[in-house]
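Engineer: Let chain E serve as the given structure and place chain R on it in line with the hints.
Next come the chains, spelled out residue by residue.
Number of protein chains: 2
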Amino acid sequence: MFVILVYDTAAERNPTVLMTCRRYLHRTQRSVFQGELTAAQYRELTSALSTAIDPEYDSIVTYTARSPGMIDSTTIGVHLGGPGDIL
Amino acid sequence: MFVILVYDTAAERNPTVLMTCRRYLHRTQRSVFQGELTAAQYRELTSALSTAIDPEYDSIVTYTARSPGMIDSTTIGVHLGGPGDIL
Numbered sequence: 001m002f003v004i005l006v007y008d009t010a011a012e013r014n015p016t017v018l019m020t021c022r023r024y025l026h027r028t029q030r031s032v033f034q035g036e037l038t039a040a041q042y043r044e045l046t047s048a049l050s051t052a053i054d055p056e057y058d059s060i061v062t063y064t065a066r067s068p069g070m071i072d073s074t075t076i077g078v079h080l081g082g083p084g085d086i087l
Numbered sequence: 001m002f003v004i005l006v007y008d009t010a011a012e013r014n015p016t017v018l019m020t021c022r023r024y025l026h027r028t029q030r031s032v033f034q035g036e037l038t039a040a041q042y043r044e045l046t047s048a049l050s051t052a053i054d055p056e057y058d059s060i061v062t063y064t065a066r067s068p069g070m071i072d073s074t075t076i077g078v079h080l081g082g083p084g085d086i087l
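Chains E and R supply the protein sequences, listed in that same order. Once you know that position 66 of the first sequence is 66 in the working numbering, the rest is easy, because the numbers rise by one and skip nothing. Once you know that position 8 of the second sequence is 8 in the working numbering, the rest is easy, because the numbers rise by one and skip nothing.
So here's chain E without its partners, still in its complex pose (with noise of 0.2 Å):
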């Protein structure tokens, strides 16, 4: 599946926000990751989030799509990254 996940959390949590997003998706934008994972996959980054955040706190929204081809993406000004940026 295609995943987009965008993140709003605190900033001494984004340390481990954005180590636990880089294992499994590449960023485009700040607080912006996308890639494609496995039903498997998907479910060990969000449940590693869930564990990582202050649920009463931040905030974390994943869009998944059965496939990348179904979502366009356009970036308009600066073109922070993409699928030559996975760590």
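Since the hints were derived computationally from the structure, they do not count as laboratory data. Just so you know, even glycine gets a beta-carbon here, dropped at the ideal spot from N, CA and C. It cannot be assumed that every hint is accurate.
[Said to hold, decoys possible] If you want a taste of the chain R side facing chain E, the calculated C-beta under 8 Å gives, among others: (1) 26; (2) 29; (3) 30; (4) 46; (5) 53; (6) 55; (7) 57; (8) 58; (9) 63; (10) 65; (11) 71; (12) 73; (13) 77; (14) 80.
[What the hints assert, rightly or not] Label-pair ranges, simulated between beta-carbon atoms: (15) R:44 with E:39: 36 to 42 Å; (16) R:79 with E:66: 21 to 27 Å; (17) E:73 with R:44: 18 to 24 Å; (18) E:15 with R:68: 31 to 37 Å.
Structural biologist: Here is chain R on its own, set in the frame of chain E:
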């Protein structure tokens, strides 16, 4: 079409970007909007944003799909907004 819009703009331009996005979409996270637009509305929105931002510094990414049914959305933690937040 269904539109997800994520912005990362300088603080001084945030109010203009916010106001422009709110005319067309509803906010789902601090810097994320979503909603259904016609192709004409989408062009109006991206055109207005193109003139509002500094393309050397700011970044706006849109993800579009033909219908909202093609994308699933999941929130972990705080749910910051929804269709009820349309202003």
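Engineer: Now look at each hint and say whether the structure bears it out.
Structural biologist: Evaluated hints:
no.	hint	verdict
1	26	13 Å, violated
2	29	5 Å, holds
3	30	5 Å, holds
4	46	6 Å, holds
5	53	5 Å, holds
6	55	4 Å, holds
7	57	7 Å, holds
8	58	5 Å, holds
9	63	5 Å, holds
10	65	5 Å, holds
11	71	5 Å, holds
12	73	5 Å, holds
13	77	4 Å, holds
14	80	5 Å, holds
15	R:44 with E:39: 36 to 42 Å	37 Å, holds
16	R:79 with E:66: 21 to 27 Å	24 Å, holds
17	E:73 with R:44: 18 to 24 Å	19 Å, holds
18	E:15 with R:68: 31 to 37 Å	33 Å, holds
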